[in-house]
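Trainee: As a plain string of letters, each chain reads:
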Amino acid sequence: MNNRLKTLTKGIIDVSPLMIPVFPFGIIYGVIGMDLGIGPYMTLGLSIIIFGGASQIVLLQLFSGGASSLVILSSVGAVNARHILYGAVLSEYLSGLKLFWKIILSYVMTDQAFAVSNNYFKKNDKDSNQHYHLLGSGFTCWTIWQISTILGIVLGSVVPEELGLSFTISLTFLALLISDFRKFKNIIVMLVSGLVATIGFNTIPFKAYIIVATLTALVVATLLTSIDVKKK
Amino acid sequence: MYWSLIIYAGIITFATRFSMIFLLKKDILNDKAKKILSFVPAAIFPAIIFPPIFLDDVGSVDLENNPKILAAIFAIIVGYFSKNIIATIFAGLISYWFLIFVYYQ
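Keeping their order, the protein sequence lines are chains A and B. Take the first sequence: its letter number 11 is residue 11 in our numbering, and every next letter is one higher. Take the second sequence: its letter number 38 is residue 38 in our numbering, and every next letter is one higher.
Treat the hints with care, as some may be off.
[As the list claims (entries may be wrong)] Listed below are the simulated DSS-like cross-link pairs for lysine-lysine, each with C-alpha atoms no more than 25 angstroms apart in a straight line:
(1) A/10 <-> B/83
(2) A/183 <-> A/6
(3) A/102 <-> A/10
(4) A/98 <-> A/6
(5) A/207 <-> B/83
(6) B/34 <-> A/6
(7) B/83 <-> A/102
These are calculated hints, taken from the structure and not from any lab test.
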């Protein structure tokens with residue numbers, strides 16, 4: 001028990017610095033939800049049922065733009081595709097766990113929790129209670145996200161629009177990409193995605209610009225990877 | 001907004017997180033698939049980031065008088081050198097506030 005509690009606490013401590021940008025992000029999300037008029041229950045409901053900042057923002061953005069359910073759901077799927085990679089990486093450490101654990105840990109597996117717990121798993125391969133680290137980091141994210149969402153709902157009418165807090169959403173996503181800034185291929189992929197989305201924002205029908213931009217960028221990424229393989 | 005839409009989106013989100021942890025006994029994705037999946041954040045986030053920065057309220061490209069572009073560039077520079085998520089966000093936000101409240105006034 002002592003060991004489990006220690007690992008759990010380590011997870012909480014490790015992920016805490018990453019909660020500093022998550023907190024304002026959650027507040028902004030809550031404010032936006034109220035701004036769009038979906039009401040406090042649905043705004044919080046999204047945070048509990050989906051529990052993914054990027055997915056929730058994309059859903060709201062597309063819904064308010066009048067996109068169809070099919071486009072909204074496939075965009076949410078595209079935004080979440082990175083979790084498949086996270087799962088594939090973590091399965092190495094979590095494959096021995098009971099189904100119940102797999103369900104709980106999947107629900108709380110966010111970008112931030114993955115980042116710190118994957119690091120811990122790599123260093124503590126032999127610790128049989130290592131999954132408590134992900135439980136700690138994941139539920140810290142969860143708690144912070146729900147509290148900040150509620151704060152955003154409450155503050156909805158108070159935060160002045162002039163502060164331009166919605167810009168923080170762009171900045172948050174941008175900050176999640178900083179590890180890609182030094183990789184030439186990733187920069188190309190980012191530029192392709194951004195340009196296609198910007199040009200396609202008005203021209204691609206059904207508000208499918210996020211899916212089209214992502215798929216185009218992934219095709220470019222695949223081409224870049226195959227060039228690399230051929231060289232070897 | 002409908003609850004059914006929220007629930008479907010929740011199921012999709014959960015499915016992507018759960019699928020590999022549930023299906024894989026050990027790491028079976030090949031290196032090429034992993035390499036391509038590692039590009040997913042770079043392929044999707046700019047599609048979310050770019051339009052609100054470059055487009056104005058009516059959806060046309062605004063390159064002049066656009067403090068968001070300058071603030072984003074400043075955030076990228078800080079991110080490149082600091083490799084720090086929080087520093088990147090604050091650099092962007094503070095430079096944005098400087099531009100809209102001081103420079104453009």
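Trainee: Next, verify each hint and record whether it holds.
Mentor: Verification of the supplied hints:
At roughly 23 angstroms between alpha-carbon atoms, residue 10 of chain A and residue 83 of chain B fall within 25 angstroms of each other, so this suggested pair holds. A C-alpha spacing of about 36 angstroms is found between residue 183 of chain A and residue 6 of chain A, which places the hinted pair above 25 angstroms, so the restraint is violated. A hinted pair counts as satisfied when its Cα atoms are at most 25 angstroms apart, and residue 102 of chain A with residue 10 of chain A qualifies at roughly 20 angstroms. Among the hinted pairs, residue 98 of chain A with residue 6 of chain A is consistent with the structure: their alpha-carbon atoms are about 21 angstroms apart, no more than 25 angstroms.
For a cut-off of 25 angstroms, the pair hint linking residue 207 of chain A to residue 83 of chain B is broken: about 33 angstroms separates their Cα positions. Of the pairs offered as hints, the one joining residue 34 of chain B and residue 6 of chain A is violated, with about 32 angstroms between alpha carbons and a cut-off of 25 angstroms exceeded. A distance of roughly 32 angstroms separates the Cα atoms of residue 83 of chain B and residue 102 of chain A; the hinted pair therefore is violated under the 25 angstroms criterion.
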